[in-house]
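S.K.: Just so you know, the protein sequences line up as chains E and G, in that order. Residue numbers 170 to 546, in the numbering used here, belong to the letters of the first sequence in order. Residue numbers 7 to 229, in the numbering used here, belong to the letters of the second sequence in order.
Be careful, since some hints might not be right.
As the list claims (entries may be wrong) - One-sided and incomplete, this derived list gives chain E residues near chain G with beta-carbon spacing under 7 angstroms:
1) L219
2) C233
3) G237
4) F241
5) V243
6) R246
7) H262
8) E271
9) A272
Unchecked claim - Far from chain E, by Cβ distances over 12 angstroms, these chain G residues were calculated:
10) L27
11) A38
12) G44
13) G131
14) T133
15) A204
16) A216
Please keep in mind that the hints were generated in silico from the structure rather than gathered at the bench. From the three backbone atoms N, C-alpha and C, an ideal C-beta is built for every residue, glycine too.
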Amino acid sequence: MTEPGIRIRLQQSGPIPLDAVLDCAPGEVLALVGPSGSGKTTILRAIAGLQRVKHGLIHCNGECWFDGERQFRVETRQRRVGYVFQNYALFPHLSALHNVMEAMLELPVAERERRARDVLARVRLAGLEHRVPAALSGGQQQRVAVARALAREPRVLLLDEPFSAVDRATRQRLYRELAELRRELAMPVILVTHDLDEAMMLADRMCVLHQGRTLQSGDPYVVMTRPDNVEVAHLVGLRNVFRAGVLAHDAERGLTTIEWRKHRLEARLQPDFQAGQQVTWTISPGHLVLHRRDRPSRGERENPVSGRVLEYLPLGENVALTVAVNGPDRPPLFLTVPAHTARRNGIAQGVEIGVSLLAEGIHLMPADESRTPAKPA
Amino acid sequence: MDWSALNLSLKLAACTVLILLPLGIWAGHALAAHHFRGKAWVEALLALPLVLPPTVLGYYLLVMMGGTSPIGQFYESVFGRPLVFSFEGLLLASVIFNIPFAIQPMQRGFEAIAPEVRDAAACCGLTRWRTLWRIELPLAWPGILSAVVLTFAHTLGEFGVVLMVGGSIPGETKTIAIAIYDRVQAFDTAGAGVMSAALLLISLIAIGAAYFTASRTRSHRHD
């Protein structure tokens, strides 16, 4: 049990059901993603010792913080966690400097101020040390919260939706700052977010949660494009989820062929599924290529399908298209294209278009009879 | 002007505040931080002096402290004199009838602190005492200040309970409110007027100072 990093196993049936298994190595950023009420914050609070959980284990750098079986529990103040709360929870009556100094009580008084100033300078707050939180902008408050969390040299850094309370421009700037800062951090970092793009940008690994259960962990790109099952596919926002049958594998060409609505589709080789087996498949938005109407385009011969545009929905710079493939009664294909591409190709409701489903992006999952494929929104 | 009565009232008010300040902080903090079965009943019991007629409260206090009650007998065996109609008896009554005025504003003060702020203090490694001293007391300060002022001003003005348990012994239990009543009974309206004006002024200054300090604290936090 002396391995570095943090290992978390939490189980309880109520009041908030949990069945979570998480690991995070030193210097690694793990994003916990899931819809509201999926238990993300509860897990973070349990790691900090702010929430009592019935069963499980929490080990940090080989040190036991919680063992449900032995009824052993280390108090929050002794766990050495850095916690950035959703609304920062700064001490409103104390200046930025004193907010940070409060987290450094183990240091001699004389050293506290010097170190607190250093930490504040590290998050670019030099010169604002004497302001109270209310006199700081949202982004500056977030930085004070990060500085306070880091001040104690924590063994794990916990970030609870730290970007949700700032405007979009500030958020973009804070993303860059956190990305820079994390290179210097040697402790495990656990980031709770419901924003998948945020997780993709900032995390080394991502863990999808639903109703307190950890469903899949891994590289964010892999989780987002190759979900383990239909539940994860829906949670990571994949809307194109369909049923198909496996026809054959071609190990030499690295392809698996499936049959979908009389189309033979070539997919990346996935030999775990046997020929003849029913599967569910999905494809991420980046692997759908719209055919140009004036001249052939890249990948046009790769799994071409055609269909009629059922719905044409402009969304700012993009257009969301709902396309009926093999008839309007079957679950449609969803794709998003840039608005200028849609205009140039004369796409409108009722128009017939061609789309390629890139083989690399076709991902097979076990057949899930309990869920019907996605329907038009 | 009955200086002895004014002096006694100020002394009674100060002693009541001194006793209720730590008790109120403890009880207000505990009620704000914990949820337990029967909490509503505990809160109702503590608020009871607000709604009971002073004479009813005074009657029960008189019974509670009388020579035949365990408290009265215990006091008399230790100090050799009865608790009722003494300053100490008056102080005990004053503490009891001021409980809601002390605890409720403090409880509201502690309740106004966001729970995450306490969580953040724990994550920073602060002990309970340091959290109380550095975080909770300064944040609950406006509530604590109102409690102090309300208790002080309310003690100065209390009449019914004082009359029931203290009587009107000059220098011992005759407070300024009783003295004013005595003067009116004796048709000395000028004397009653001076003392009433003094009481009005003291109360106004105390409440005004509390509001001023509270608004200063609030504006400082929103600089």
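S.K.: Going through the numbered hints above, which ones does this structure break? Give me the numbers in ascending order.
M.R.: 2, 3, 4, 5, 13 and 14
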